[in-house]
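S.K.: Here the protein sequences come in this chain order: A and B. The first sequence begins at 1 in the numbering used here and counts up by one. The second sequence begins at 289 in the numbering used here and counts up by one.
Calculated from the structure, these hints are not laboratory results. Since this is a predicted model, take the numbers as computed values, not measurements. Some clues are possibly wrong.
[To be verified] Computed from the model, here is a short list of chain B residues facing chain A with C-beta under 7 Å:
#  : residue
1  : Lys322
2  : Ala344
3  : Ala348
4  : Ser351
5  : Leu362
6  : Arg366
7  : Glu370
8  : Tyr374
9  : Ser396
10 : His399
11 : Ser477
12 : Val616
13 : Met630
[Stated by the list, open to error] Far from chain A by the CB rule (all over 12 Å, computed), these chain B residues:
#  : residue
14 : Gly367
15 : Glu378
16 : Gln392
17 : Pro401
18 : Thr479
19 : Ala548
Beta carbons: idealized from backbone N, C-alpha and C, even for Gly.
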Amino acid sequence: MTSATPTLLSPVAPAEAPRSALSELSQETLALTKRLFLQLARRPSTLVAGVLQPLIWLVLFGALFSNAPEGLLPDGMSYGRFLGAGVIVFTAFSAALNAGLPLMFDREFGFLNRLLVAPLRARSSIVLASVLYITSLSLVQSLAIMGTAAVLGYGWPGGAGLLLVLVTLLLLVFAVTALSLGLAFALPGHIELIAVIFVANLPLLFASTALAPLSFMPAWLGWLAALNPLTFAIEPIRAAYAGQFSLAAVVLEAPYGSLSSASCLAVLAVLAAGLFLLIRPLLDRKLS
Amino acid sequence: MPEAVIELKQVSKRYGRGDRAVTALQELNLSVPKGSLYGLLGPNGAGKTTCLRILATLLAPDSGSVRVAGLDALADPRGVRERLGYVAQEVALDKILSGRELLQLQGSLYHLPNGERDRRIAELSGLLGMEAWIDRRSGTYSGGMRRRLDLAAGLLHRPAVLVLDEPTVGLDIESRAAIWQVLHQLRDSGTTVLLSSHYLEEVDALADRLAILDGGRVIAEGSPTELKTALGGDRVTLRVREFSDEPEALRVQALLQGCAGVRQVVVNRSQGYSLNLVVEHDGVIEQLRRQLAEAQLPVFALAQSRPSLDDVYLQATGRTLMDAELAVAGSRDPKAERKQAMR
Ligand SMILES: Nc1ncnc2c1ncn2[C@@H]1O[C@H](COP(=O)(O)OP(=O)(O)O)[C@@H](O)[C@H]1O
Ligand SMILES: [Mg+2]
Chain A
1 MTSATPTLLS PVAPAEAPRS ALSELSQETL ALTKRLFLQL ARRPSTLVAG
51 VLQPLIWLVL FGALFSNAPE GLLPDGMSYG RFLGAGVIVF TAFSAALNAG
101 LPLMFDREFG FLNRLLVAPL RARSSIVLAS VLYITSLSLV QSLAIMGTAA
151 VLGYGWPGGA GLLLVLVTLL LLVFAVTALS LGLAFALPGH IELIAVIFVA
201 NLPLLFASTA LAPLSFMPAW LGWLAALNPL TFAIEPIRAA YAGQFSLAAV
251 VLEAPYGSLS SASCLAVLAV LAAGLFLLIR PLLDRKLS
Chain B
289 MPEAVIELKQ VSKRYGRGDR AVTALQELNL SVPKGSLYGL LGPNGAGKTT
339 CLRILATLLA PDSGSVRVAG LDALADPRGV RERLGYVAQE VALDKILSGR
389 ELLQLQGSLY HLPNGERDRR IAELSGLLGM EAWIDRRSGT YSGGMRRRLD
439 LAAGLLHRPA VLVLDEPTVG LDIESRAAIW QVLHQLRDSG TTVLLSSHYL
489 EEVDALADRL AILDGGRVIA EGSPTELKTA LGGDRVTLRV REFSDEPEAL
539 RVQALLQGCA GVRQVVVNRS QGYSLNLVVE HDGVIEQLRR QLAEAQLPVF
589 ALAQSRPSLD DVYLQATGRT LMDAELAVAG SRDPKAERKQ AMR
């Protein structure tokens with residue numbers, strides 16, 4: 001022991017009785033989540049753009065179609081009210097679609113290796129942190145849009161309605177996050193990932209009931225829109241905004257039959273679960 | 289010899305498949321004694337990084353066994369990760385985080401309690417001379433400061449074994465000295481340190497023991513003194529002119545080869561046809577000068593030295609470390625390798 005600071009550098013064996021797996025799991029997951037929020041706080045442009053873009057849609061499209069012909073929308077609903085649900089869903093959707101980007105950068109710049117040499121309790125902490133981060137981010141952005149829409153006079157869902165809106169958004173965000181995380185591991189680099197995000201974004205919006213009802217669309221587009229996951233999120237939310245909270249009430253007359261809010265939510269839940277199951281082998285392989 | 293803290297047995301690793309497969313390690317054996325500062329010396333492409341990535345559990349070998357700190361790295365990788373600090377060849381920091389934030393994250397990934405974590409951060413940033421930088425974003429750091437932060441991250445959880453991949457490449461003198469000093473202190477306080485390097489001076493000056501790696505195998509192993517003594521004799525570099533030519537060099541070689549006490553004469557084509565000799569003792573030098581004078585050959589320069597690690601490498605491979613380094617320069621495709629290594 002010739003060193004002037006012998007205790008500073010001397011090794012210490014890991015504790016004989018480590019803390020519970022659960023507390024270690026939450027420690028590592030929270031730390032990873034915190035990092036993502038720090039990145040966001042230092043680069044708030046994604047947050048701002050994520051709110052600004054839907055806001056512009058809301059204002060511009062609302063104005064564009066404010067003189068839409070009578071009867072375009074059921075029950076003489078104003079276009080602004082109609083559009084609100086679509087823009088809220090679009091906000092959550094675009095935010096969740098970006099879930100894989102930080103992970104992709106970590107793969108590319110070697111930061112992931114730093115995480116993989118650490119004695120993580122479970123490597124799914126890395127995935128879990130991304131899900132926590134993107135879920136809260138997209139919900140916050142959606143709430144910001146909902147608030148603005150309310151100020152613009154497009155309404156606000158009541159207590160039960162709000163719950164329905166949040167559950168619907170949550171299911172959609174889970175599904176899209178799983179998709180994006182899967183892409184982040186399947187694609188070779190961030191350029192490809194950004195390209196996929198860019199290409200997927202707008203067509204999914206237009207081929208949904210966000211901007212116009214099914215009755216307004218040509219048959220082929222109606223079919224597409226009636227199969228689009230965004231539609232399954234938009235319709236229950238639109239119903240909630242219209243004061244319709246009953247899960248059994250029919251919210252969409254699809255070409256293949258009538259759908260209730262409950263069936264829309266069930267489709268989203270199955271989609272989310274299915275996508276997580278689908279990407280699991282990929283994540284296991286890449287993180288093993 | 290004390291027990292081995294790192295033990296690789298018959299470890300092989302290839303990258304890619306079929307015709308394009310590259311063999312990185314060939315039945316490599318390595319044994320690092322507890323408490324030593326051990327050097328892994330070898331030219332670019334020798335397999336150093338591959339070896340260290342296997343120890344860090346980032347890479348699984350195709351065959352062979354790997355033990356670190358008494359644990360089987362293939363059966364209990366998590367146990368190994370708890371006991372090992374790894375400082376990679378390429379520093380991967382999150383530019384947007386401050387040094388402190390990165391270390392806090394690192395502490396949580398190693399499950400340190402917050403109090404201890406913060407104490408360690410204060411200690412290590414003091415020790416590594418980075419207090420002035422610890423709260424700035426790491427994107428603003430110099431190369432030396434990035435390395436120090438990376439080293440602090442590797443040391444945060446007080447590992448029994450610290451593994452560093454070419455930790456001083458491209459560093460300013462001050463940062464290099466700071467890192468060397470810490471490595472010495474670590475060894476003195478009981479940590480086993482394994483570092484790779486292609487600088488033989490570095491390994492010579494730092495390491496208690498070393499293995500010379502070439503083509504994915506260990507070609508020599510021992511303490512620097514042992515290795516050099518085993519070679520025996522003194523090295524002499526002779527230039528009859530500043531720039532000689534091949535016929536003249538061969539003539540001088542033939543002349544000196546027969547001298548008593550001269551063991552070996554090699555023409556070094558890459559160094560202006562100078563001659564590298566191994567002589568048995570000092571007296572031989574006088575003899576050489578006389579021989580050259582008799583043959584009416586000038587002496588532009590004659591330098592004598594004890595054998596160096598480069599001579600050990602030369603003896604085992606037939607080329608100098610520098611030549612080996614130059615031979616692979618440009619033949620590797622770092623981009624393709626990074627893609628291949630990406631998860
Ligand atoms: N990811 C990779 N893909 C393909 N070949 C690789 C990869 N990494 C290393 N190699 C090859 O394996 C050999 C050993 O490389 P490496 O372990 O990086 O050696 P060193 O660290 O001593 O320079 C080299 O021939 C190198 O080109
Ligand atoms: Mg290397």
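S.K.: Does Ala344 of chain B hold up as a contact with chain A if the rule is Cβ-Cβ below 7 Å?
M.R.: Hint on Ala344 of chain B: holds, closest Cβ of chain A at ~5 Å, below 7 Å.
S.K.: Given His399 of chain B as an interface hint, is its Cβ closer than 7 Å to any Cβ of chain A?
M.R.: At about 5 Å, which falls below the 7 Å cut-off, the nearest Cβ of chain A leaves the hint on His399 of chain B intact, so it holds.
S.K.: Given Ser477 of chain B as an interface hint, is the shortest Cβ-Cβ distance to chain A below 7 Å?
M.R.: Nearest chain A Cβ about 4 Å off; hint holds.
S.K.: Can we trust that Pro401 of chain B is non-interface, i.e. its beta-carbon lies farther than 12 Å from all of chain A?
M.R.: Answer for Pro401 of chain B: violated, closest chain A Cβ roughly 9 Å.
S.K.: With 7 Å as the cut and Cβ atoms as the points, is Ser351 of chain B at the interface with chain A?
M.R.: 18 Å, violated
S.K.: Should the interface hint for Arg366 of chain B be scored as holding, given a Cβ-Cβ cut-off of 7 Å against chain A?
M.R.: 5 Å, holds
S.K.: Take the shortest C-beta to C-beta distance between Ser396 of chain B and chain A; is it under 7 Å?
M.R.: 3 Å, holds
S.K.: Against chain A, does Glu378 of chain B keep a CB gap of more than 12 Å to every residue?
M.R.: 6 Å, violated
S.K.: Let's test the interface hint: is any C-beta of chain A closer than 7 Å to that of Glu370 of chain B?
M.R.: 4 Å, holds
S.K.: Let's test the interface hint: is any C-beta of chain A closer than 7 Å to that of Val616 of chain B?
M.R.: 22 Å, violated
S.K.: Given Met630 of chain B as an interface hint, is its Cβ closer than 7 Å to any Cβ of chain A?
M.R.: Holds - the Cβ of Met630 of chain B comes within 7 Å of chain A, reaching about 5 Å at its closest.
S.K.: With 12 Å as the threshold, tell me whether Gln392 of chain B passes as away from chain A on beta-carbon distances.
M.R.: 7 Å, violated
Hint check: violations occur at hints 1, 3, 4, 5, 12, 14, 15, 16, 17 and 18; the rest are consistent with the structure.
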